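Q: Residues per chain are reported as follows:
2 protein chains.
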Amino acid sequence: MSAQESNTAATEQKQEVAELATQVEDIVLDAEGKPLSKKALKKLEKEREKEQKRIEREAREAAERAAREASEVDCAKENYGKAPINMSQVQSGTKWTEIKDLSAELAGQTVHVQARVQGSRPTGSKMCFLVLREGSATAQGLLVVDNETISKQMVKFANSESLVSLVAKVVVPSEPIKSCTVGDVELHVSRLFVISQVAVTLPFSIDSASWSTLDYERDPTLNRVLLHTRLNNRVVDLRTTANNAIFKLQAAVSQLFREYLTNEKFTEIHTPKIISAASEGGANVFRVDYFKRNAFLAQSPQLFKQMCIAADFGKVYEIAPVFRAENSQTHRHLTEYVGLDLECAFREHYHEVMNMIGDMFIYIFKNLEKRWAFELATVRKQYPSEPILVGDKPLKLEFKDAVALLRKHGEEMEDFGDFTTKLEKTLGRLVREEYGTDFYMVDKFPLAVRPFYTMPDPENPMYSNSYDFFLRGEEIMSGAQRIHDAGMLRERIAACGVPVDDLIEYIKAFEYGCPPHAGGGVGLERVVMFYLGLDDIRYSSLFPRDPTRLEP
Amino acid sequence: MSAQESNTAATEQKQEVAELATQVEDIVLDAEGKPLSKKALKKLEKEREKEQKRIEREAREAAERAAREASEVDCAKENYGKAPINMSQVQSGTKWTEIKDLSAELAGQTVHVQARVQGSRPTGSKMCFLVLREGSATAQGLLVVDNETISKQMVKFANSESLVSLVAKVVVPSEPIKSCTVGDVELHVSRLFVISQVAVTLPFSIDSASWSTLDYERDPTLNRVLLHTRLNNRVVDLRTTANNAIFKLQAAVSQLFREYLTNEKFTEIHTPKIISAASEGGANVFRVDYFKRNAFLAQSPQLFKQMCIAADFGKVYEIAPVFRAENSQTHRHLTEYVGLDLECAFREHYHEVMNMIGDMFIYIFKNLEKRWAFELATVRKQYPSEPILVGDKPLKLEFKDAVALLRKHGEEMEDFGDFTTKLEKTLGRLVREEYGTDFYMVDKFPLAVRPFYTMPDPENPMYSNSYDFFLRGEEIMSGAQRIHDAGMLRERIAACGVPVDDLIEYIKAFEYGCPPHAGGGVGLERVVMFYLGLDDIRYSSLFPRDPTRLEP
Numbered sequence: 001m002s003a004q005e006s007n008t009a010a011t012e013q014k015q016e017v018a019e020l021a022t023q024v025e026d027i028v029l030d031a032e033g034k035p036l037s038k039k040a041l042k043k044l045e046k047e048r049e050k051e052q053k054r055i056e057r058e059a060r061e062a063a064e065r066a067a068r069e070a071s072e073v074d075c076a077k078e079n080y081g082k083a084p085i086n087m088s089q090v091q092s093g094t095k096w097t098e099i100k101d102l103s104a105e106l107a108g109q110t111v112h113v114q115a116r117v118q119g120s121r122p123t124g125s126k127m128c129f130l131v132l133r134e135g136s137a138t139a140q141g142l143l144v145v146d147n148e149t150i151s152k153q154m155v156k157f158a159n160s161e162s163l164v165s166l167v168a169k170v171v172v173p174s175e176p177i178k179s180c181t182v183g184d185v186e187l188h189v190s191r192l193f194v195i196s197q198v199a200v201t202l203p204f205s206i207d208s209a210s211w212s213t214l215d216y217e218r219d220p221t222l223n224r225v226l227l228h229t230r231l232n233n234r235v236v237d238l239r240t241t242a243n244n245a246i247f248k249l250q251a252a253v254s255q256l257f258r259e260y261l262t263n264e265k266f267t268e269i270h271t272p273k274i275i276s277a278a279s280e281g282g283a284n285v286f287r288v289d290y291f292k293r294n295a296f297l298a299q300s301p302q303l304f305k306q307m308c309i310a311a312d313f314g315k316v317y318e319i320a321p322v323f324r325a326e327n328s329q330t331h332r333h334l335t336e337y338v339g340l341d342l343e344c345a346f347r348e349h350y351h352e353v354m355n356m357i358g359d360m361f362i363y364i365f366k367n368l369e370k371r372w373a374f375e376l377a378t379v380r381k382q383y384p385s386e387p388i389l390v391g392d393k394p395l396k397l398e399f400k401d402a403v404a405l406l407r408k409h410g411e412e413m414e415d416f417g418d419f420t421t422k423l424e425k426t427l428g429r430l431v432r433e434e435y436g437t438d439f440y441m442v443d444k445f446p447l448a449v450r451p452f453y454t455m456p457d458p459e460n461p462m463y464s465n466s467y468d469f470f471l472r473g474e475e476i477m478s479g480a481q482r483i484h485d486a487g488m489l490r491e492r493i494a495a496c497g498v499p500v501d502d503l504i505e506y507i508k509a510f511e512y513g514c515p516p517h518a519g520g521g522v523g524l525e526r527v528v529m530f531y532l533g534l535d536d537i538r539y540s541s542l543f544p545r546d547p548t549r550l551e552p
Numbered sequence: 001m002s003a004q005e006s007n008t009a010a011t012e013q014k015q016e017v018a019e020l021a022t023q024v025e026d027i028v029l030d031a032e033g034k035p036l037s038k039k040a041l042k043k044l045e046k047e048r049e050k051e052q053k054r055i056e057r058e059a060r061e062a063a064e065r066a067a068r069e070a071s072e073v074d075c076a077k078e079n080y081g082k083a084p085i086n087m088s089q090v091q092s093g094t095k096w097t098e099i100k101d102l103s104a105e106l107a108g109q110t111v112h113v114q115a116r117v118q119g120s121r122p123t124g125s126k127m128c129f130l131v132l133r134e135g136s137a138t139a140q141g142l143l144v145v146d147n148e149t150i151s152k153q154m155v156k157f158a159n160s161e162s163l164v165s166l167v168a169k170v171v172v173p174s175e176p177i178k179s180c181t182v183g184d185v186e187l188h189v190s191r192l193f194v195i196s197q198v199a200v201t202l203p204f205s206i207d208s209a210s211w212s213t214l215d216y217e218r219d220p221t222l223n224r225v226l227l228h229t230r231l232n233n234r235v236v237d238l239r240t241t242a243n244n245a246i247f248k249l250q251a252a253v254s255q256l257f258r259e260y261l262t263n264e265k266f267t268e269i270h271t272p273k274i275i276s277a278a279s280e281g282g283a284n285v286f287r288v289d290y291f292k293r294n295a296f297l298a299q300s301p302q303l304f305k306q307m308c309i310a311a312d313f314g315k316v317y318e319i320a321p322v323f324r325a326e327n328s329q330t331h332r333h334l335t336e337y338v339g340l341d342l343e344c345a346f347r348e349h350y351h352e353v354m355n356m357i358g359d360m361f362i363y364i365f366k367n368l369e370k371r372w373a374f375e376l377a378t379v380r381k382q383y384p385s386e387p388i389l390v391g392d393k394p395l396k397l398e399f400k401d402a403v404a405l406l407r408k409h410g411e412e413m414e415d416f417g418d419f420t421t422k423l424e425k426t427l428g429r430l431v432r433e434e435y436g437t438d439f440y441m442v443d444k445f446p447l448a449v450r451p452f453y454t455m456p457d458p459e460n461p462m463y464s465n466s467y468d469f470f471l472r473g474e475e476i477m478s479g480a481q482r483i484h485d486a487g488m489l490r491e492r493i494a495a496c497g498v499p500v501d502d503l504i505e506y507i508k509a510f511e512y513g514c515p516p517h518a519g520g521g522v523g524l525e526r527v528v529m530f531y532l533g534l535d536d537i538r539y540s541s542l543f544p545r546d547p548t549r550l551e552p
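Chains as they are written, first to last, in UniProt numbering: chain G, 1 to 552; chain V, 1 to 552.
Read the hints as simulated data drawn from the structure, not as lab findings.
Quick caveat, the model's predicted, so the values are computed rather than measured.
Accuracy of the hints is not assured; some may be wrong.
When chains are identical, the list treats them as one kind, so a pair holds in a single copy or across two.
Said to hold, decoys possible - Cross-link-like lysine-lysine pairs, in silico, DSSO-like; alpha carbons within 27 Å at most:
1. Lys82 to Lys95
2. Lys425 to Lys508
3. Lys366 to Lys265
4. Lys381 to Lys265
5. Lys95 to Lys77
6. Lys265 to Lys248
7. Lys370 to Lys265
8. Lys508 to Lys82
9. Lys248 to Lys100
10. Lys408 to Lys50
11. Lys77 to Lys126
12. Lys393 to Lys95
13. Lys95 to Lys444
14. Lys393 to Lys42
15. Lys408 to Lys292
16. Lys126 to Lys152
Please take these sequences and the hints and turn them into a complete structure.
A: Next up, the structure:
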């Protein structure tokens, strides 16, 4: 283990200790909600001191070693080192090869590669293996001292997470390399220059941030990198191949959403996020200073996308941030997330829209498995999960039948209440057992648990023309037929006790005539989280925001 | 002219008068900046009273007429009327035809159509022509009294901007219809039901909101619908075929931007809009109440997209709102707009990225003309403009050469200053004359006029590796190579006098090592505005936000 690496490992442990201490001070983050005892605090303090001493000792030893080595003669001086800062000084026309494109077809060729040194493992004093990483792909590099072009000093040069430019020969190893995504070749390095050096001690190594739950089960002494630590150092954390893949998959969900809707002749819209009134009820809304006036951040594009329908846009969708000032610190709430919203005029029945949305999700799920198989496999290596169970058509249940199913299995529930999170999960399990699917729609929710703009059921006014979509027992989308008649809307606004003054512009849209329409809103991070079976929504948000987190 | 129509026309005039009055009170909106005289105010007041009287008289007359007609016998009672509110009562399986799909191929067939009645023109007492509109498409409808299925009352029934469901026979007229987008057939209506009635007087007719500048030149007495009036009644205004097409084109620009970048292996990202510090300089930033703390709205995804590059995402783009608290009321500034942002790691030289962006724009422009020809023609009918001049490769000028070109034509300019808006426009004209293109890139801006994170030119530190892209003499994108070295970044932050404390998380990203990279940001509304030659950015924003406008 190099000085750099042991340093990193020490820092990780120190980090964990410091984090525990932070959690003690920060009751919000304490899962149990109980402050630690004085004795426990003292113990923590002692551990911290011990760690500090170890770090100092190791740093001293590393410095001594470096001084010793600097005095030795180096035959490979020209073949490695720190490159000058790239200010676009040259355009050499060099052909660069990406790690993911390495294969046995290139065997024997010399390639130019730019990559991170994820880790280095010296074997004796004459050899060093490198793990080279580019995006989600990794390959093995090898430096062998020949006392001509490669020296002992060169072998020790490359440090963790530095970005290097290298020249290497592509060689087929005697055995396939299991620890890298590129298994059939390795790179025998002849020149190695650092493009960008890691100037500070890493908060944790990418290796340790990449351990899976299976690794922890196999070796319980492994130091787990906690979510809190990951998010505090998100730029380093995002470099794991799993994270790289998670955000490729997040992009894939949006891409497939758009692909499907573009094909269905939807128009993409962009509605304002700064609005004049807290129009969707007033609670949980962020206030903004707007040129000496009050303004608010939109909690959804709901009112505006409906106004686009009144403006005869027919079918619209939007992908944009939505803001919820909800002071709850749960595994599935964010204060800012990405909304995939759609709204669609229909001819006769809102099921035209609801069925289309169901088909859209199935299109998304099927294509993820087909076209993003590498990324899914990469995520599942670190966060094991089964692909979801889903057929070619979505299952549709009525709310009252879902209630009956729950009651049949001993759950208690009101006729016209809403599902709790616990009931939702139970329903997910029961539906899976009964119908063999992880994805389903529940139709005809009680009117009382839906927003004022929801169209009542024409047959039973206790219910409404509204639906939720569920994935693995958690809600990923909520939608409904909306009220398109200004008179009926005014009545419902009054019945729900919503202040009508904030909604004048919205109501006006319907007074000018509006086609019947339905739609829904999806939380992008939720779809990714539940699809991948992640256990916190922060894993699927690039830089998550919650009531206590505003950085980085 | 029906009562409804004359009512509408009267209201329009009243609206104009009221608007003038508003402008008098509202000095911000007064282009000249001078308050009107007392005499002018009195004159306005008188005009308003006169209008009011006329409106009242006309409404009285209309009511009398309606009472007279209600007492007559109606043979067609079953064939027209107001449909019940659609609560998804039925699923009839009816096949519906869209207006845009009507053609001579359907001649003789009976079709079911849902559309707006844009206008009705009675000819004598037995016939009535309708303009039926669906999205950007219009067709002619015809009602002829036969005293069997169609009565006099039915002919007078359909009012302006109501949404109707109708049954009609497709007929090829003796002459092509020039006033509608569907010219080769018309619809002979046999049944007509109102799905959604216009419950109030329209602020202006869609016809008058659709007049082009050429119409005004031909007939100077036409009442122009002012931008202010349009935006106050945006839902009605957006129904014009030109507006419908403008927002299809806006969506097309994003679609083509994504198409190109997805093909180039970019990953779409979503960065937070609520941030902890006013990190890009401090001025012009909106403050947000965030759980008893201060937070701010992101002025761009700049820092976060660069952090994604440090996190090895390689190539990223984002389409999202950006917020600028700039208190300037100009034709090309909004306080909230849609940013098309991209950032890209490169191997050797930032021109790799700059040239790619240039090619991307040409891809966007060429495909707009090819794939959205109908929408472009629709917009150009109301807002006449020439397609832009552009070759297969973008023109690249160095800043100093652009300065030389301006000076050659008598303009004054500093060596290391920035272009004023006026100079930009002059440059656009000169480049068009000299090089025959409306689209070009200016490279190597002076370092002093660019943000702190801009990479200096390695050959002359007075310049920088930065660029702007111009369309018809107006800037549509700004970008640069960014500083990826933490040490150099700290120096530039200090040199620019930016508070370093707000940038700690950002600088940290580079301390962990970061590849060289470049990128840029595009304002979506600006691209659409300049591409279509619109004279105010508010025309290309769905619900524009400026210092005085927060509604609708």
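Q: Each of the hints needs a verdict: does it hold here or not?
A: Here is what the structure says about each hint:
For the identical chains of this complex, Lys82 and Lys95 are intra-copy neighbours only, at 21 Å inside a copy versus 70 Å across copies, given an alpha-carbon limit of 27 Å. Within a single copy, Lys425 and Lys508 get their C-alpha atoms no closer than 40 Å, and across copies no closer than 41 Å, so neither meets the 27 Å cut-off. Taking the closest pair of Cα atoms, Lys366 and Lys265 come within 27 Å of each other both inside a single copy (21 Å) and across two copies (21 Å). When the C-alpha separation of Lys381 and Lys265 is checked against a cutoff of 27 Å, the pair qualifies only between copies, where the shortest distance is 23 Å, while the shortest distance within a copy is 38 Å.
With identical chains, the CA atoms of Lys95 and Lys77 are at most 27 Å apart within one copy only, with a shortest distance of 24 Å there and 78 Å across copies. Proximity of Lys265 and Lys248 under a CA criterion of 27 Å is satisfied in both settings, with 25 Å inside one chain copy and 10 Å between copies. Taking the shortest Cα distances, Lys370 and Lys265 sit within 27 Å of each other both inside one copy (24 Å) and across copies (18 Å). Proximity of Lys508 and Lys82 under a CA criterion of 27 Å is satisfied inter-copy only: 20 Å between copies versus 66 Å inside one chain copy.
Within a single copy, Lys248 and Lys100 get their C-alpha atoms as close as 15 Å, which meets the 27 Å cut-off; across copies the closest is 38 Å, which misses it. Proximity of Lys408 to Lys50 under the C-alpha cut-off of 27 Å is found in neither arrangement, the shortest distances being 58 Å within a copy and 72 Å between copies. Proximity of Lys77 to Lys126 under the C-alpha cut-off of 27 Å is restricted to the intra-copy arrangement: shortest distance 17 Å within a copy versus 99 Å between copies. For a Cα distance limit of 27 Å, the shortest separation of Lys393 from Lys95 across copies, 23 Å, qualifies, whereas the shortest one inside one copy, 48 Å, does not.
Within a single copy, Lys95 and Lys444 get their C-alpha atoms only as close as 60 Å, which misses the 27 Å cut-off; across copies the closest is 26 Å, which meets it. Taking the shortest alpha-carbon separations for Lys393 and Lys42, neither the intra-copy value of 59 Å nor the inter-copy value of 69 Å comes in at or below 27 Å. Within a single copy, Lys408 and Lys292 get their C-alpha atoms no closer than 57 Å, and across copies no closer than 46 Å, so neither meets the 27 Å cut-off. Taking the shortest alpha-carbon separations for Lys126 and Lys152, only the intra-copy value of 6 Å comes in at or below 27 Å, while the best inter-copy value is 102 Å.
Going through the hint list in order, the structure does not satisfy hints 2, 10, 14, 15.
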